[in-house]
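Those protein sequences? They're chains A and B, same order as listed. Here the first sequence stands for residues 1 to 427, numbered as in our numbering. Here the second sequence stands for residues 1001 to 1427, numbered as in our numbering.
Among these hints, one or two may not hold up.
[Unchecked claim] Negatives, chain A to chain B, calculated, CB over 10 Å:
id : residue
1  : 364
2  : 367
3  : 395
[As the list claims (entries may be wrong)] From chain A, some residues computed to sit far from chain B (all C-beta separations above 12 Å):
id : residue
4  : 44
5  : 62
6  : 79
7  : 95
8  : 110
9  : 156
10 : 184
11 : 196
12 : 200
13 : 208
14 : 220
15 : 242
16 : 346
17 : 418
18 : 425
19 : 427
[Said to hold, decoys possible] Computed spacing ranges between beta-carbons, pair by pair:
id : chain 1 : residue 1 : chain 2 : residue 2 : range
20 : A       : 97        : B       : 1194      : 45 to 51 Å
21 : B       : 1022      : A       : 277       : 46 to 52 Å
22 : B       : 1216      : A       : 104       : 56 to 62 Å
23 : B       : 1031      : A       : 185       : 57 to 63 Å
Since the hints were made in silico from the structure, they are not lab data. C-beta atoms are modelled at their ideal positions from N, C-alpha and C, and glycine is treated no differently.
Protein chains: 2
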Amino acid sequence: MNNIENIAKSAKEASINALKLSTELKNIALYTIAHNLQLNKDKILEVNKLDLINASSLLEKGEITQAVFNRLKLDDNKLRDMIQGIKDVAALIDPVNKILWSKEIADGITLKKVSCPIGVIGVIFEARPDVITQITALSIKSSNAVILKGGIEAVETNKTLFDIIKTSLREVNGFPDNMVNLIYTRDDVKEMLNLDEYINLIIPRGSNSLVKYIKSNTKIPVLGHSDGICHIYTDEYADIEKALNIIIDSKCQYPAACNSVETVLIHKNISDKIMNKLINALNENNVKIILDKSFNIDGYQSADENDWKTEYGDKILSIKLVNSIDEAIDHINKYGSGHTDCIISENKENAEKFMMFVDSAGVYQNISTRFADGFRYGFGAEVGISTNKTHARGPVGLEGLTIYKYKLYGSGDIVEDFISEKRKFNK
Amino acid sequence: MNNIENIAKSAKEASINALKLSTELKNIALYTIAHNLQLNKDKILEVNKLDLINASSLLEKGEITQAVFNRLKLDDNKLRDMIQGIKDVAALIDPVNKILWSKEIADGITLKKVSCPIGVIGVIFEARPDVITQITALSIKSSNAVILKGGIEAVETNKTLFDIIKTSLREVNGFPDNMVNLIYTRDDVKEMLNLDEYINLIIPRGSNSLVKYIKSNTKIPVLGHSDGICHIYTDEYADIEKALNIIIDSKCQYPAACNSVETVLIHKNISDKIMNKLINALNENNVKIILDKSFNIDGYQSADENDWKTEYGDKILSIKLVNSIDEAIDHINKYGSGHTDCIISENKENAEKFMMFVDSAGVYQNISTRFADGFRYGFGAEVGISTNKTHARGPVGLEGLTIYKYKLYGSGDIVEDFISEKRKFNK
């Protein structure tokens, strides 16, 4: 048995021991981690500098982007947020051992549906070291064991954060060993993806190519989204001021986010009224415009089919003319990624139609796509965003790390008595 | 684009059109199918005879078992149950378009979590033709499109049932085409498993080898169980009469079922009191006993490790001696399949310990494992039983064919106003 299999097996054992964890003990564990991160602040920032030195040369050689470099860098503010984030998770309601549903299915036979942890979760993320503390906190609160694989650029920072977490958990009496684990290389990940015997869920957080690679290489269920191709459809009954504000916010507020808009669809009956204003607003905000030829507006790059499939992740926006709301819906269901799509319309019927037929995790009326976020939805924490059609969809909170079991209480009951109609189930 | 891809693509389109289906129209569709099955009763039984003639020769050659032959055979009673089953599904509460949760996340911004269909579901089953009408009914009621692959032995019966379903759905004004589809060969299945672009969930219903094959050959989420290795642990505080009744019911009431017991664990402190009685009861019921050597009882086949991993699916039972409840829990978590496991004990603490630490879909106290069934749980219908740790676990009702989307209603709201703290989210 190799190293990664050993880690996964130990994590599985830990996950069974974790079933007995009280909310109180889990919160003590979280506060201990937060406390020790605070105590080791200077050390963490020192070690992060080592990673940054290496990353600088990668940046110079063009092997990583400025965005990756920025996400890698920790400072006092980020550390403060990381520590506060752990305390915030401690304050959330414990998602496990909740009775979700209960029924006396026959006289003297009680069925209870009870929430419980999933087991062992593998989380693969890229450069951001703050993911370690965030996912650790969410896993502990939901009584799941976790195997973390961080970005290679953050290896020293990750190791240090992980050591602090391990030391903290050992300080907590009765907390199972091996609940939190760190692995390091791509080969480690490759091995992990084969361990469906021990690992119950994989959560990739990172680029499209990472997510696609993982989905293609494991039998373990994967929770995530591979693309964030979000749309705003400006209906013929749109309020033009609202449309402009929402489009600019959805594109410019944080263009690299998966919930930023990539394509705007304009109904032909409103095109004359909005296009000049929209182009001006986008130009003012330094957004590159890629334009459907049907607009007959010169001076911009022409859109081709490829643009409808592209997540620019940058200040670039494609704009398409549509003849009807149905064409808009069809376009979104064909080219979208099922993430978040919005209609701008004052017409209630059109809005409801759009929200019914667009097959996406989030369907919005008159509001920026940037609201697609667990914190903004009021979940208090976010595991990630899912475009899955099973288990969890959209922004996923703590609940997404749980499943349930059925507990059935009897007193010697046998099925034969019900087959022979001696006894009857309750309605 | 080949035939199966065309079918999947059309099913996907149908699934989008199905989003508009009212409960009333879906129930009309179900009653129309039930009605037409009734009208075509004689024809169905005639065609079934053709399959039975072919199956007889397969049975003679030993290529299929008597059990498969029996499941293939339709008669008046089975047809009546099939038709009643469809009407029962019509009577269930519509699982889609339910508001599961709603919140005003900020002044004027309302978030609704709304249940919706999963999309396109592929169901692969073996000889039983009654699965066609059952799964069709469940899919229609939950507004999902479905692609069915039945057992080759039932091909003529399946075709006829499918034709009646198709004709029925065409009689219903406004019902989308291609909601229900039938494919025929193993090659068809192989192609279907690659179509993750169109198909959202695969449900295999059949042998272990079928389920394992499917899990190893698709990126599409799979809902099912590969084994049903259920345990009964007879605690030192067991009531012996209850133990005997429950073990006999769990083994003998329907030995081929996935929820029948395969291994009984006996606490050493109760072994002397129960073993003679248990062996007598099993002998009376013609159950073959495979016995742990530690009992020091002669005359029975000795159990080896392989027995702890075997789903006999027959009147065979392995019995193991354990030194403690912890050993019982460890054994079940190591060798079990996470399906259904029971403790026989009058001691509440031990029962709760067992039910907490045994990591199975169903954990029972003093009741037969044969109760693990959607109908017995009161769900009114059963999609199948799942040992998954995500999406749905245990007996799965209509709800298991649904997911949810988030609808967000605003009036021009932008994230920038919240980042700049001009506005605040509600607590």
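Now the hints, each set against the structure:
{"no.": "1", "hint": "364", "in the structure": "violated, 5 Å"}
{"no.": "2", "hint": "367", "in the structure": "violated, 3 Å"}
{"no.": "3", "hint": "395", "in the structure": "violated, 8 Å"}
{"no.": "4", "hint": "44", "in the structure": "holds, 26 Å"}
{"no.": "5", "hint": "62", "in the structure": "holds, 31 Å"}
{"no.": "6", "hint": "79", "in the structure": "holds, 21 Å"}
{"no.": "7", "hint": "95", "in the structure": "holds, 14 Å"}
{"no.": "8", "hint": "110", "in the structure": "violated, 10 Å"}
{"no.": "9", "hint": "156", "in the structure": "holds, 32 Å"}
{"no.": "10", "hint": "184", "in the structure": "holds, 26 Å"}
{"no.": "11", "hint": "196", "in the structure": "violated, 8 Å"}
{"no.": "12", "hint": "200", "in the structure": "violated, 4 Å"}
{"no.": "13", "hint": "208", "in the structure": "holds, 15 Å"}
{"no.": "14", "hint": "220", "in the structure": "violated, 10 Å"}
{"no.": "15", "hint": "242", "in the structure": "violated, 4 Å"}
{"no.": "16", "hint": "346", "in the structure": "violated, 9 Å"}
{"no.": "17", "hint": "418", "in the structure": "violated, 7 Å"}
{"no.": "18", "hint": "425", "in the structure": "violated, 7 Å"}
{"no.": "19", "hint": "427", "in the structure": "violated, 8 Å"}
{"no.": "20", "hint": "A:97 with B:1194: 45 to 51 Å", "in the structure": "violated, 40 Å"}
{"no.": "21", "hint": "B:1022 with A:277: 46 to 52 Å", "in the structure": "violated, 40 Å"}
{"no.": "22", "hint": "B:1216 with A:104: 56 to 62 Å", "in the structure": "violated, 41 Å"}
{"no.": "23", "hint": "B:1031 with A:185: 57 to 63 Å", "in the structure": "holds, 60 Å"}
Violation of the numbered hints given earlier is confined to hints 1, 2, 3, 8, 11, 12, 14, 15, 16, 17, 18, 19, 20, 21, 22; the remaining hints are satisfied by the structure.
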